[in-house]
Structures are given as C-alpha cells and as structure tokens.
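Novice: Okay, here's what each chain looks like letter by letter:
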Amino acid sequence: MKQRLLDKINSTDKITAVVGLSKNAGKTTFLNWLVGNFPKQKLGIITTGRDGENIDLVGGHSKPKVMVPTDCFFSTFANVISANSAKLEVIAKLPYFAGGQRLWLVKALESLNTEIVGPATAKEQLELAEFILENGAKHIFIDGSLDRKSVALSPKIGSLVVVASPVFGKLSDLRKELGRLVLLSNLKQADYNISDDTKICYRTQNNTIVSNLSSILNNEKELLKLSNISEAEWIYFPKAFTSRSYATLKNLISNCNLVFKHPLHLQLDFAQLENIFARTTVLNKITIDGIALNSYAVNGNHLDSDILRAEVRKDFKDIAVVDVSEI
Amino acid sequence: MLIDKLSYQAINLQKIDEMIVPISSIGRACAKAEKPFVTGTELALKRKYQIIQELMQSLQKDYNFQEIATGALKHLEQIDQTILKAKSLHLLELYEIYEIKNFIYFSAIIKELLDKEELSHIHQIPDFSELFTYLDIDGQKSPSFHLSKLYSSNYAKLKEIIADWKLKRNYELESIFEIAKQELEVDKLEDRIVVSRYNHQLNEKLQKSSHFSLESENFANNSYKIRKSPKLLEIETELEAKEQELDLAEKAIRIEITKVISVYCQDLTVAISEIGQFDLALIKAIFGNKISGVIPQINNEKKFTIKGSINLPIQIELAKKNLKYQPIDIEVLKNINVLTGANMGGKTTVLKTLGQFIYMASKAIPLPCKEANLPLFDFIFFSGIESSRMDLSSFGSEVVAVNEAMNKPGAGLFLLDEFARGTNPLEGEAFSSAVLKSFIGKEAVVYSATHFTQPAKLIEANHYRIVGISKENIGKLSYENNLQSRLEELHKYMNYSLEKVDPGAEPPHAALIIAAILGIESDIIQKAKDYLNNENSEV
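Line order of the protein sequences matches chains W and R.
Under our numbering, residues 1 to 327 are what the first sequence spells out, in order.
Under our numbering, residues 1 to 539 are what the second sequence spells out, in order.
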C-alpha cells in the first residue's frame, strides 16, 4: 500500500499538497516518511508558517522535527541557517516574511532534522514552489490545509494526500468527512464557457448572463432577483457555497446544473452533496492520491489502529490508504 | 524643501513619482535621499541630464539592455549592515556571506553591461572578480553560497569522517532492521510502529523482541520504537563528537572569509552607491523613453518655453475614457504672468503642468513635451488648496499660506489658482492685484489664473488666455445628453491652447454657457441673464 502511494504521487504533477483533516493530524510525521521514501531526489518542502519547532505554539505539546533529506530545498529563518552552517547551501534571500522575520531559501547538503518556515499566503507559497522548481527541484510537497484560503484550491496543485487522525472526531465522523472529500474529488470537469470566473453567471434562454455578484454568501436573495434565473440551464458560483445557501436556494438549484470554481468551495454535508452530485461540475478538479492515517490523537481521542485502517480501507478501495507506523 | 506636502498633493506629483520607482531597494533608498536641483545647481543638473540622455539612447539602441539591467537590479538589496559587520571583523554568518556573494555576482553583470554599452564613465562599479572567485571556490558561477571543502583540509577531512560514521550508523540500523524483520516475519519495517492493543500476537512478539522498546501506550494502541544496540549508541556518540569538531572547523572558515571580505568593504560601499545611482538614473531613462520625453535646456534667467507640454496624470485619466489630451505650449517671459479663460478651460491644468515640469526638472526626469527650456527654483508654491487647519476659513488659509511662501528665502515659483476668490469680489480683485504687484522686481516667478479683470490689466504682467470654445462650436453643443456625454463633448470642442493677449484685455465671460452645458435648468440661466442685462442697463 505504501509503495502504491509513493508510485501514485510520483506519477502525478510536480506539486503535491499534504493536507490535514484537522490540526495536529500528523502531517509532519507523514511528510517525514514521504520525503524519506520518495523515489526522486531533489525535493522541495514548503510549509504554512512554522513546522518542526520543538513545541506547538498553540497546543503546547511537543512536535516532531522535519527530517530533510540531502538535496532538498526548503525555506527557513536566518537563525536556523546559522545553526546548520556546515549542512546548508544558501540559495536566495526570499521576499517573504513569517512572524516579521525574513525567509531564506536553502538546500540541504546532507540530511538533517530541522525547523522549516514558509510564507503565510497561498499566493506566496505557489510563487515559492515555482522558484524552487526553477532551481532544479523535481517534486514539491506543500504542507497545506483545507480551509477556504488554502493553497490546495490552486489549479497548480497536482494532487492531494489527506492526513486523517481521530483529532477530527469519532471514527464514523472521520469516515463521513473522508467520504465527502472523495466525493468532491469525483466531481467532473466543467464543460461550459465561463468568461469571468470571479462573478456568478448563468445560462438562460440561450444567453449567458454575468452578474455583479462575486459571492453567494449573504447574496442569496439578490441571486433570486436576477433576470430569468429561475429558468437557468446552469449557474456558476466562484466562491464558497454553504449549507445555508443550499437551504435558501433549494428550489432554484433543484433542477439546473451547477458549476463551481473548486470542489473545496462546496461546504455542504454529505447528503446535500449527494443530492446535487450528478448535476455538478467544477472548473478545477482535485485528485486525491492517497489517505494517510494516524490513530494517535493529541486530544486523547485515540482509535484502535487496526480498526481505523480496516474501516477506511473498506470505504476507499480505489485509493491508497496508508499508516506510516503500520507493519 | 522644494515643495510643501499640500502643494505636492495638489499638483498630482505623487502620481508622477509612482511612475518612477527604482527596481532595487538600494535604488529606492537613493531616490528617497535624492536632493532636488535648485537655483545655482544648473550645471550639475545638466551633467545629470546628460547621463539620463545617454542611458535613454542606449536603451533605444539595445533592446536587451533594459531586460539585463532590471533583471540584475531585482536581485540587489541593501547590505550596509553586513559590510559594517565585516569591516569591524565581526564573524559573518553563512547567509551574510551569501549576501556579499549575491551582491558582487549581480553587480558584475551591471558592470559588464555598462562596459559593453560604453557607459562605464557614468557609473564606475569596482571590480570584485577576485573576491567572487574566492567565494565561488567550487566554480559554481552562481550567487548561492555554501562552505566548500576546498576552504580547509581539516574541514574536508572532518566532513569525510562524519560521512563515514553516518554510513556506519545506517549500516548498523539496517542490520537491526533486518534481524527485527526476520524476527517479526515481515518484509518492511518502520522505526516507529503503532499496534492495536487487541493485536495480542504482534504485541507479544514486539515485547519479547530485543530490538524494540515500548515507547508509549494508550487505551487503543501501543507504540514501539526500534531499540538502539550498544554498537549504534557508540557510533552516535562518536558522530556527535565529530560534529562538534566540524562546528569549530566551520567557524574557522567563516573567520577567514570575514577577514577577506573586510578588505573589500570600502569598494563594496562605493559599489552600493554607484548601483543605487545607476538604478535611479536607469528608471528615469526608461520612463523618459516610455513617455517619449525630452531632456530640457536649463537656463539661469527664470524664463520658460515649453512646446507641447503634457500633464501626465490627466492624460492617463483621459485615456481611460478614450479621450485625447491636447498638448499645450507654455511660455513665461516675465516674472508676473496672468492667465484667464472660461471655466472648464484648463487654467488649473496649466498651473499644475508648470509645477510638474519644474518638479521633474529638479529631479533630472525627462519631460513629457516636445521641447523645453526651463530655469530652476528653490521652491514651488501652489495656492488653490484647502488647509487642514480648523481655525482658518478658505480665504484665511490661502492668505496665511501665500504670506508664508512670500517670506521664504530663495527664488520661488508661485502658482496662484484663482487667488482671493473666497472673499467679496471687489476686495478680492484689489487684493489679488496688490499681491501680484508685490512681485515686481523680485526673483520669484508668479503665474496667476484668475477671473478678475484688474490683475489682467497689470502692465508689468504678461497676459495669457485659454482660447476656449469658438462661437461656432458652442452652437454644436448638445444640451440633451447625460452629464458624461456633455463633458466629453465640451472636451472635444474646447481649444485648450494659450494665446498671448494685451494686458488690458477683458477676461472671457462664459460662466452661464458652461453652467448650461453642465445641466443647470434653463429658467435659472435665463434669470441670471436677465439679472445681468438689468445691471448693465442700470449702469
């Protein structure tokens, strides 16, 4: 299973996002295993904020160091460079800051356990990924998240690996959420001509109408007032679509086709998603290369590792499900 | 100070400055510290303009010049603190040595470019090729930096020893893994294993194994970690000791590199200054070519001749509406100048354009016109601004500001926009004329846009007038469309050119026509006309 996951990631695009289903899901432990076993040399690791610090600044629990292999590119603070002067090559002074401190791009001349620090915004993370690829990296791993501003929403991200732990909740909740994500990844590519992907638009009476609305949040009533919207063949939503919008627009969206910019914009529960699934397409598809499990939970909600592995594997037979601490 | 903050904003100089931002932080610091050329520095300004002109020509001749120069400047940052540290022989950190190497790598590209373009006389960047060879000891020919084994045989030897110990450690680990795999009868093994507490068989095996130890346990799982053998512990102790030795050897190299760099500190400071100046001059030259600008003649006589002047911020705004800007010829041959013309005729634009041109010339920026001959001033004053002071009325703040400007030392350019319009017209007219007369015989130049008649009659002043709309074109104006269309029509038929008129000529009276074009109801216009006719007949 582990080899299947490595092969799958190796065969996809050059940027993979490792996203946690919740905070403290075990991304660093999984990343350490991933970069240590990945078949390609010259990797790049990008994180959001700090990773590998001794103590979690929010939770106060101890955190694993990032294990960086030889020839791996990463960004970090100046003091980390000073502490590892014999093991690093300084590649560039970056135009990004974290916590008010300047970031530097370095390359590991030998393997080391260290702290890596990345820029805060998705835009900067993607710029950095491009820059690292220009400097010779063969594959980039971005330590991401699943929030609405996540780097995972960018079309430049080739694939995702979802890291899940019982910090998220009960086993049934965890399986349901993974199921929702997998369902989102199965949404088909949209085949409509969307001229402005920043505005809500719709097709009605053989005309495509671009509205002035850039988000449906709190604009549901405005949408219903748009000309001939009730006869829409399809409607495109550029940003988040929540359960509240779903409830308000239930009648309107019950028959027409729906187009979303990104699957992760669909913030609906499993049942709502299933209702619209067949009529929904997306501009930017996501691919889930694998699911990484971690039975340990910092909040004490541990799950039996055998049961966790077996149940999730039973749910997702077509996806590589791994637990790096499994033998 | 060449210009106060309020005048700077009123003349739209920020928009111009935003078009001329140097590429590197060094250039931007240079721009911030740049002092304007004022009266008495005409020769220095001419030399500066000569440099800009040479750069403009080189940019026109060689299309790669701009790309190479801006590409290199993008990578250059202030390294003053690092130079100071090296100068006082404070040990440089790895990233600081990188900063120096990166600086000399990209400064060499600029130096080479200036040599190729035969421009090395304008900015003399020192040669750092020896220092670069030293910092690029592996011959990577890149700005990146690491401590090469070639710097010290001791360092190289320690690195090799450590690599050997790491190999031994890995071999020992592999051996433990192999035995453990056989013991557990599995193909693959991780150094940390999590097993369900209910998997009794595996737990029993792991607990019995001499190669694993229980790391943690909870109600669901047990976590095991590979147990280090005495041999592995011995290797790790040795490795740690060697790594400490390596730290000392690494520090010794940085001490040596710091010493070498310290020798170049003076040249590095010169290079920073030259590159900053080059960046600033280059961006002015790029701007000059972009706007098809010219290098002006600079005179000492406080006289202006500008052919085809363009007010850039207004031109940009008009272009957004697909409207064309009409370039204007402006001359200033006496020190007192009065400008009259219909409302909406562009009087304020003429004043602002004059202010922009003197400001740009004082910073050696190419000018947006066909030809220019200008003097330098010690300060620019623009009068038509509301003060932020709460204790003064609009008239009060205008009077205070003019009074302060008139008492400033040096030669000023006074741009008075409908001065004294904020009080009763009779007194305002008299006061405005008196202020203009006070400039007679002074070094300052005053350019006053007004609707008053008396200032226009001053014989010591040159009187200019905006040509405006011809009677024939007034007849073509439509009063039916919306305001935006009417304004566009007005712009189309308005002739913004200046014409010189006799000192005694009456300013034009076109306020009612303009008000009608702007949409005021016709009965109000008619009442105003009736009122004017009654006044005239009473007289």
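If you're looking for bench data, these hints aren't it; they were derived computationally from the structure.
Backbone N, C-alpha and C fix where the C-beta goes; we use that ideal spot for every residue, glycine too.
A few of these clues could be false.
With the C-beta cut set under 10 Å, the calculated list includes, among others, these residues of chain W facing chain R [said to hold, decoys possible]:
(1) Lys42
(2) Ser82
(3) Asn84
(4) Ile91
(5) Trp104
(6) Lys250
(7) Ile253
(8) Ser254
(9) Gly300
(10) Glu326
Stretch by stretch, here's where chain W covers chain R in the computed footprint (C-beta under 8 Å, at least three residues) [said to hold, decoys possible]:
(11) 79 to 89
(12) 188 to 199
(13) 211 to 222
Novice: Hold the hint about Lys250/W up to the distance rule: shortest CB distance to chain R must be less than 10 Å.
Specialist: violated (41 Å)
Novice: Next item in the hint list is Trp104/W. Is there a CB on chain R closer than 10 Å to its CB?
Specialist: Since chain R brings a Cβ to about 6 Å from Trp104/W, closer than 10 Å, the hint holds.
Novice: Okay, the stretch 211 to 222 of chain R and chain W, do three or more residues pass the C-beta test at under 8 Å?
Specialist: It holds: at least three residues are needed, and the stretch 211 to 222 of chain R offers 4 whose Cβ sits within less than 8 Å of chain W.
Novice: Can Ser82/W be said to touch chain R, with a Cβ gap under 10 Å?
Specialist: holds (5 Å)
Novice: Is the interface hint for Gly300/W satisfied, with its Cβ closer than 10 Å to some Cβ of chain R?
Specialist: At 8 Å from the nearest chain R Cβ, Gly300/W passes the 10 Å test, so the hint holds.
Novice: Classify the hint on Lys42/W as holds or violated, based on whether any CB of chain R lies nearer than 10 Å to its CB.
Specialist: violated (14 Å)
Novice: Grab the minimum C-beta distance from Ser254/W to chain R and call the hint holds if it beats 10 Å, violated otherwise.
Specialist: violated (43 Å)
Novice: Would you check chain W against the stretch 188 to 199 of chain R, counting CB to CB pairs closer than 8 Å, and say if three or more residues qualify?
Specialist: Answer holds; 11 residues pass the 8 Å Cβ test.
Novice: Taking a Cβ-to-Cβ distance below 8 Å as contact, does the stretch 79 to 89 of chain R have at least three residues touching chain W?
Specialist: It is violated: at least three residues are needed, and the stretch 79 to 89 of chain R offers just 0 whose Cβ sits closer than 8 Å to chain W.
Novice: Given Asn84/W as an interface hint, is its Cβ closer than 10 Å to any Cβ of chain R?
Specialist: holds (9 Å)
Novice: Does the interface hint hold: is Glu326/W within less than 10 Å of chain R, judged Cβ to Cβ?
Specialist: holds (7 Å)
Novice: Minimum Cβ distance from Ile91/W to chain R below 10 Å?
Specialist: holds (5 Å)
Hint compliance for this structure: hints 1, 6, 7, 8, 11 are not met, and every other hint is.
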